[in-house]
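Q: Given next are the chains, with one letter for each unit.
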Amino acid sequence: MKSEKLLEAMNDLPEELIAEANTRRRHPLVRIAAVAACLVVLLVGMYPFLQSFQGLGTSDDCYVSDREVIYRQGAIYEVVGTNYTAAMERLALPETITEDLVGEKVDVAPDYGDVYQYAPLAGRNGTAPAALYLLRRTDEGHEGEWWYLAFTGFVAGDESGHVEAETMLQVYGIQSADDIAAVCDRRSGEQLLPPEAFYDALLASSAWGREDFAERVDSTLNAYAGAVGIRLETDCGLRTNMTYYPEIGFVKWFDSFYQVGKLL
Amino acid sequence: MEDSKIVELYFDRNETAIQASQEKYGPYCLAVAQNILADQGAAEECVNDTWLRAWDAMPPHRPARLSAFLGKITRNLALNRWRGRRAAKRGEGEVPLALVELEECLAGGETPEELLDAKALGEAVTAFLQTQPVLKRIIFVRRYWYLNSVPVIARHLSISESKVKSTLYRMRQELREKLEKEGLA
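In order, the protein sequence lines correspond to chains A and B. Last residue of the first sequence: 980 in our numbering, with the numbers rising by one and none dropped. Last residue of the second sequence: 180 in our numbering, with the numbers rising by one and none dropped.
Here chain A stands alone, though its shape is the one from the complex (with noise of 0.2 Å):
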């Protein structure tokens, strides 16, 4: 039958596909409180900051999943303990918060805790939203422990909306190509470009929306072929990863698509 074969190609899936969606559950109480929390800081502290993206509206990604998320500054953060393994590493994350990693405290996540600066990133980021902080928490059962806030995208706009590379360049604290320390193959972590290279192509590039960019690839066979995994690790020791499709020259960062046109 046909579809056994579809159903056994999907044995080829990449892990962190497949890790992605065996995520933490969370209670169904905390869940409609984060929601109503979410919903507060959305609408009463960020309207002025989420009126700089075009496409203003709702997303599928705007959603409480089973993977504990908060949102602050118009963005998506990641709840990380120390523990969560698969995350730690996929961040690169130090394994044990110390004292010369926290910095000011910034505010209070409703139904968490206090929220600090990650001391390394500190003024790095000017008025964007850093990729990521630290959580001291005080909800019941994790009363004084450290945990991160791991930046995983803006709260994304309708299928149209998009973020300049500029922007998200700052989010890491990347104001130059020198704050870049390497851009690797995700999976072989051998250096695929120069930063200066990478960094010049994604200021230089026009970012698409999710519907424009599947509206253009639409017409173009074999688009994603060859895709390859990029990771950008910065010179404070931050990580993210990034897809670059070289059949169409784009490169897509969260829920963003740049085009960079032929960078290997």
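Hint data in this document are derived by calculation from the structure and do not stem from the laboratory. Any given hint might turn out to be false.
Okay, the calculated beta carbon distance ranges per label pair [claimed, not checked]:
#	chain 1	residue 1	chain 2	residue 2	range
1	B	T11	A	E861	28 to 34 Å
2	B	W50	A	L919	46 to 52 Å
3	A	G977	B	N71	37 to 43 Å
4	B	T11	A	H858	39 to 45 Å
5	B	N9	A	A808	23 to 29 Å
6	B	E99	A	D928	25 to 31 Å
7	B	T11	A	D894	24 to 30 Å
8	B	S157	A	A920	40 to 46 Å
EDC-like mimics (lysine to aspartate or glutamate), calculated; alpha carbons at most 16 Å apart, straight line [unchecked claim]:
#	chain 1	residue 1	chain 2	residue 2
9	B	K0	A	E820
10	A	K721	B	E96
11	B	K0	A	E811
12	A	K721	B	E39
13	B	K114	A	E720
14	B	K114	A	D728
15	A	K721	B	E99
16	B	K131	B	E98
17	B	K176	A	E720
Chain A regions said to be covered by chain B (calculated; three or more residues, Cβ under 8 Å) [claimed, not checked]:
#	segment
18	723 to 737
19	959 to 972
Quantities reported herein were computed from a predicted structural model and do not represent experimental measurements. No residue lacks a Cβ here, since even glycine has one placed at the ideal position from N, Cα and C.
For this one, chain A is given, so just place chain B on it according to the hints.
A: Chain B in isolation, oriented as in the chain A frame:
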């Protein structure tokens, strides 16, 4: 025990690796197998076989994500066993329904089996999923990799069953278009 430590036990040929795998991922692998086989005994056998396969694979293989690596082994073993049971007209699980749904992703009419190159199919599906929003991606993978039923997916993600069904339907249509363009369907 951290995954990296478990993997090191395999590399050191220390048999406590299997016990550690069972403790940490036994229930997870059992759930993967049960979704396919719906038979507790057969599912448990697949899980036991998983540890042996893992022992053979590591070294030299060093998985990036141990849970997904073990889950893949279990899924393969369970699907093989399911085929055997189907031939003997036994067993149910979610596989028959999933197969019917996935037929929609492939064009109608006669398509030579040779066109369905497994590797190319896997790459095409991966690329398709990577452009999808997180929620849709999770729904698709839970349905066609984990072979969870629609009600289980809906409960797990706290969304309605109708949303799961409509999302899966639209994604199958999109995937079909992509596969047709790539000449894989």
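Q: State, for the Cβ atoms of E99/B and D928/A, whether the hinted interval 25 to 31 Å holds or is violated.
A: Check passed, 27 Å falls within 25 to 31 Å.
Q: Mind checking, does the segment 959 to 972 of chain A have 3 or more residues with a CB under 8 Å from chain B?
A: holds (count 4)
Q: What's the verdict on K721/A and E96/B, does the C-alpha distance respect the 16 Å limit or exceed it?
A: The hint holds at about 13 Å.
Q: Verify this for me: three or more residues of the segment 723 to 737 of chain A with a beta carbon less than 8 Å from a beta carbon of chain B.
A: The restraint on the segment 723 to 737 of chain A holds, since 15 of its residues have a Cβ under 8 Å from chain B and three suffice.
Q: Between T11/B and H858/A, is the Cβ distance one that fits in 39 to 45 Å?
A: The hinted range 39 to 45 Å is violated for T11/B and H858/A, with Cβ atoms some 31 Å apart.
Q: Between S157/B and A920/A, does the beta-carbon spacing fit 40 to 46 Å?
A: 44 Å, holds
Q: Given the hint of 37 to 43 Å, is the C-beta distance from G977/A to N71/B inside that range or not?
A: 39 Å, holds
Q: Does the alpha-carbon distance linking K721/A and E39/B stay inside the 16 Å limit?
A: 25 Å, violated
Q: Given a hint of 46 to 52 Å, does the C-beta separation of W50/B and L919/A actually sit inside it?
A: About 49 Å separates the Cβ atoms of W50/B and L919/A, which means 46 to 52 Å holds.
Q: For K131/B and E98/B, compute the direct alpha-carbon distance and say whether it is at most 16 Å.
A: Violated - the C-alpha atoms of E98/B and K131/B are around 19 Å apart, more than 16 Å.
Q: Need the status of pair K114/B, D728/A: alpha-carbon distance at most 16 Å?
A: With Cα atoms ~8 Å apart, K114/B and D728/A stay inside 16 Å; holds.
Q: Would the pair K114/B and E720/A pass a check requiring their Cα atoms to be no farther apart than 16 Å?
A: 14 Å, holds
Of the numbered hints given earlier, the model fails hints 4, 7, 9, 12, 16 and 17; all others are met.
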